[in-house]
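Listed here are the chains, written in short residue letters.
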Amino acid sequence: MSPSMKTDGFKPLGETLSGERAQLLQAFHKQGLPGPRSENWKYTRLKELAEREWRAAGKAGIDGATELLAQAEELAGKDLPCLVLLNGRFQPELSRLGTLPAGCEAGALEPADETALLAAAIQRGGERHPLDTLNAAAFQGGAVIRVQPGAQAALHLVHLLSESGEDATCLQSRVRVEVGEGAKLELRESFLADAPSAEILAGQVAEIRLARDSRCEHIRLQRAGSVEWLYTLQHIDQLSGSRYDGLTLGLDGQLVRNESSACLRESGAHCDFSSLGLLDDVRHMDSHTWMDHAVPSCTSGQNFRSVLADRSRSVYSGHILVRQDAQLTDAVQDSKALLLSAEARANARPQLEIYADDVKCTHGSTVGSLEEEQLFYLRSRGIDSVRARQLLVRAFCAEVLESLSDSSFRERLETLVGERMENIHG
Amino acid sequence: MIKISDLHASIEGREIIRGIDLEVRPGEVHAIMGPNGSGKSTLANVLAGREAYEVTQGSVEFLGKDLLELEPEVRAREGLFLAFQYPVEIPGVSNTYFLRVALNEIRRHQGLDELDALDFLELVRTKVRELHMREDLLERQLNTGFSGGEKKKNEILHMAVLEPKLAILDETDSGLDIDALRIVADGVNALRAENRSFIVVTHYQRLLEYIVPDRVHVLSEGRIVRSGGSDLALELEEKGYGWVQEEQA
Numbered sequence: 044m045s046p047s048m049k050t051d052g053f054k055p056l057g058e059t060l061s062g063e064r065a066q067l068l069q070a071f072h073k074q075g076l077p078g079p080r081s082e083n084w085k086y087t088r089l090k091e092l093a094e095r096e097w098r099a100a101g102k103a104g105i106d107g108a109t110e111l112l113a114q115a116e117e118l119a120g121k122d123l124p125c126l127v128l129l130n131g132r133f134q135p136e137l138s139r140l141g142t143l144p145a146g147c148e149a150g151a152l153e154p155a156d157e158t159a160l161l162a163a164a165i166q167r168g169g170e171r172h173p174l175d176t177l178n179a180a181a182f183q184g185g186a187v188i189r190v191q192p193g194a195q196a197a198l199h200l201v202h203l204l205s206e207s208g209e210d211a212t213c214l215q216s217r218v219r220v221e222v223g224e225g226a227k228l229e230l231r232e233s234f235l236a237d238a239p240s241a242e243i244l245a246g247q248v249a250e251i252r253l254a255r256d257s258r259c260e261h262i263r264l265q266r267a268g269s270v271e272w273l274y275t276l277q278h279i280d281q282l283s284g285s286r287y288d289g290l291t292l293g294l295d296g297q298l299v300r301n302e303s304s305a306c307l308r309e310s311g312a313h314c315d316f317s318s319l320g321l322l323d324d325v326r327h328m329d330s331h332t333w334m335d336h337a338v339p340s341c342t343s344g345q346n347f348r349s350v351l352a353d354r355s356r357s358v359y360s361g362h363i364l365v366r367q368d369a370q371l372t373d374a375v376q377d378s379k380a381l382l383l384s385a386e387a388r389a390n391a392r393p394q395l396e397i398y399a400d401d402v403k404c405t406h407g408s409t410v411g412s413l414e415e416e417q418l419f420y421l422r423s424r425g426i427d428s429v430r431a432r433q434l435l436v437r438a439f440c441a442e443v444l445e446s447l448s449d450s451s452f453r454e455r456l457e458t459l460v461g462e463r464m465e466n467i468h469g
Numbered sequence: 013m014i015k016i017s018d019l020h021a022s023i024e025g026r027e028i029i030r031g032i033d034l035e036v037r038p039g040e041v042h043a044i045m046g047p048n049g050s051g052k053s054t055l056a057n058v059l060a061g062r063e064a065y066e067v068t069q070g071s072v073e074f075l076g077k078d079l080l081e082l083e084p085e086v087r088a089r090e091g092l093f094l095a096f097q098y099p100v101e102i103p104g105v106s107n108t109y110f111l112r113v114a115l116n117e118i119r120r121h122q123g124l125d126e127l128d129a130l131d132f133l134e135l136v137r138t139k140v141r142e143l144h145m146r147e148d149l150l151e152r153q154l155n156t157g158f159s160g161g162e163k164k165k166n167e168i169l170h171m172a173v174l175e176p177k178l179a180i181l182d183e184t185d186s187g188l189d190i191d192a193l194r195i196v197a198d199g200v201n202a203l204r205a206e207n208r209s210f211i212v213v214t215h216y217q218r219l220l221e222y223i224v225p226d227r228v229h230v231l232s233e234g235r236i237v238r239s240g241g242s243d244l245a246l247e248l249e250e251k252g253y254g255w256v257q258e259e260q261a
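Line by line, the protein sequences are chains A and B. Counting from 44, one number per residue, gives the positions in the first sequence under this note's numbering. Counting from 13, one number per residue, gives the positions in the second sequence under this note's numbering.
What the hints contain is simulated information worked out from the structure, not anything from laboratory work. A portion of the hints provided could be inaccurate.
Derived coverage of chain B by chain A (criterion: at least 3 residues anywhere in the stretch with Cβ under 8 Å from a Cβ of chain A; other residues may be distant) [to be verified]:
1) 55-63
2) 79-87
3) 112-124
4) 233-242
One-sided excerpt, in silico: chain B residues whose CB lies under 10 Å from chain A [unchecked claim]:
5) Leu92
6) Phe93
7) Val105
8) Thr108
9) Leu154
10) Asn155
11) Ser159
Each pair of labels, with its calculated beta carbon distance range [stated by the list, open to error]:
12) A:Gly461 - B:Glu83: 17 to 27 Å
13) B:Lys77 - A:Ser428: 11 to 21 Å
14) B:Asn207 - A:Ser428: 23 to 33 Å
15) B:Arg204 - A:Glu414: 31 to 41 Å
By construction, the Cβ of each residue, glycine as well, lies at the ideal position given by its N, Cα and C atoms.
The following block holds chain A by itself, in its conformation from the complex:
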């Protein structure tokens, strides 16, 4: 194990924890934060995180919650039922769940869920990801979404993040999603922060279970504003014939780390992870994936893109594991970074670990600036170089969004991307 960093800054969190949670926090202290020599954290340093004093958020409300919410709904769809969490805590008065269709329940994490979660976390103990352990120890709440077999539902899950005063605020939440056999869920998830410069560490752990022949389209809109650290860990568990399509749009946040793992445990399952990051200033976005093909005849796709201006940085680390039994696997992985400035940087680490022989696995990775040839072609038709660049950057982004099934939602996202690009364009 590589040397880890001290977690003393998280000790204040322990003041309010007892029982299993205190035990888990102890386990976290023992694990420590991943240090600079940890392979999985090579490009994303947590040193500054280790140097602060973290406290849990109080129960205070949030200024301008309704405006933030309206903004999120404008984008995700105003007609969708909406479940709102403030610093992880369910907000019934801000939520709108009356329109949920029959066969779908959504609400706060129940005490029974919490007990089960903690028991499972204790059992797994020190093998876990330290940030996962921290989340299990300190989560302040979360949401559960269940879709019964055969039912169909669409839902907007909103995370409002707010700092609690002068101290650095540690916000932890959990989400649990279960999609029953043959059921379908369209889940849109927004992350929003209020303060102009929020000293916040926001952590979210999600577990998503897909039963046979179920579907989940999951779009995460990360507009965490000035939140300093946002990390998400999501785990997808899939049975036969199920399909998961996940898209993460990273528009904000100073340092964002998204880890997604999937276990395709029955044949005929398909999992798709894609991501689009628009970065400027010194923003940093780090995406890790872990695609576990455990059985034959599953397929997976990964499409990760980032546009980088100024001194921003993106990291993509994608792991595909094809176990010995997983014949006829078809796994595709692609990452592209578009650098708009000489000081921006992108790192890609594709990792293919294949133990079966009859499989198709491909990976491609490119890091580069706009192609002169394309620019000249556009200019030679009368389009000036600023507009030509915008057009090419938008096109680069549009390729990630084109898989979205709801065309008006896709158009809203394209507009948002276009506006954001106009701001960050170098």
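Chain B: place on chain A using the hints.
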């Protein structure tokens, strides 16, 4: 229309164009022929403003303006069009959207009203029909996944929509089968007009059976070594480029 005087151009310090004089008057079609490496494509690209080429000597006057002073997009707005030898694939941008943006840039520059999406669609559909092309060309992403022939036809469609004053076709015939060649040639012929000129760069005489030029120029080692009427193309076809090169020596 365009007057090229003593033009010299180089790339990475290597001189490719070594003193070209050429005048094309309104309504004329000039063919530039020559063996590989004679500088034909370089000339086309220098006129369109490709930055990799450096003009080291000479001048080009286009409709009374100093062409070499203008940015590539301004040349296009002033009425110059280059049909690329290798049209560039741009995934994620629809052919129609791109073409509307380009046309409106040109219209704005010329003091005309911009066309909205509906009016433009009507215009571009009419052009597609007139050119006997397939309408699905419009919905597809710009040149992306197009066959060689489709790319060349698309260049002709762009030309028909943008209605340039001077169109330069850079080996538009290369790699085309006879049907595609006809569509391309018909497209050019339909646009021939008193106030519009063409410079057709080609390696083979074949295209000139369909687009009959007013003048033919033979380029060799960066210079025009012979000029004549449309018969010159036939003579070249018969005797080969070796003939003019030998004569030159």
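Here is how each hint holds up against the structure:
1. 55-63: holds (count 4)
2. 79-87: holds (count 4)
3. 112-124: holds (count 6)
4. 233-242: violated (count 0)
5. Leu92: holds (9 Å)
6. Phe93: Nearest chain A Cβ about 8 Å off; hint holds.
7. Val105: holds (5 Å)
8. Thr108: It is violated, given that the least Cβ distance between Thr108 (chain B) and chain A is near 13 Å, above 10 Å.
9. Leu154: This hint holds: Leu154 (chain B) lies near chain A, its Cβ roughly 8 Å from the closest one there, short of 10 Å.
10. Asn155: holds (9 Å)
11. Ser159: Ser159 (chain B) check fails; min Cβ-Cβ to chain A is 18 Å, beyond 10 Å.
12. A:Gly461 - B:Glu83: 17 to 27 Å: For Gly461 (chain A) and Glu83 (chain B) the Cβ distance comes to about 24 Å; the hint holds.
13. B:Lys77 - A:Ser428: 11 to 21 Å: holds (20 Å)
14. B:Asn207 - A:Ser428: 23 to 33 Å: 29 Å Cβ-Cβ, so the 23 to 33 Å window holds.
15. B:Arg204 - A:Glu414: 31 to 41 Å: holds (34 Å)
Checked against the numbered hints above, the structure breaks hints 4, 8, 11 and satisfies the rest.
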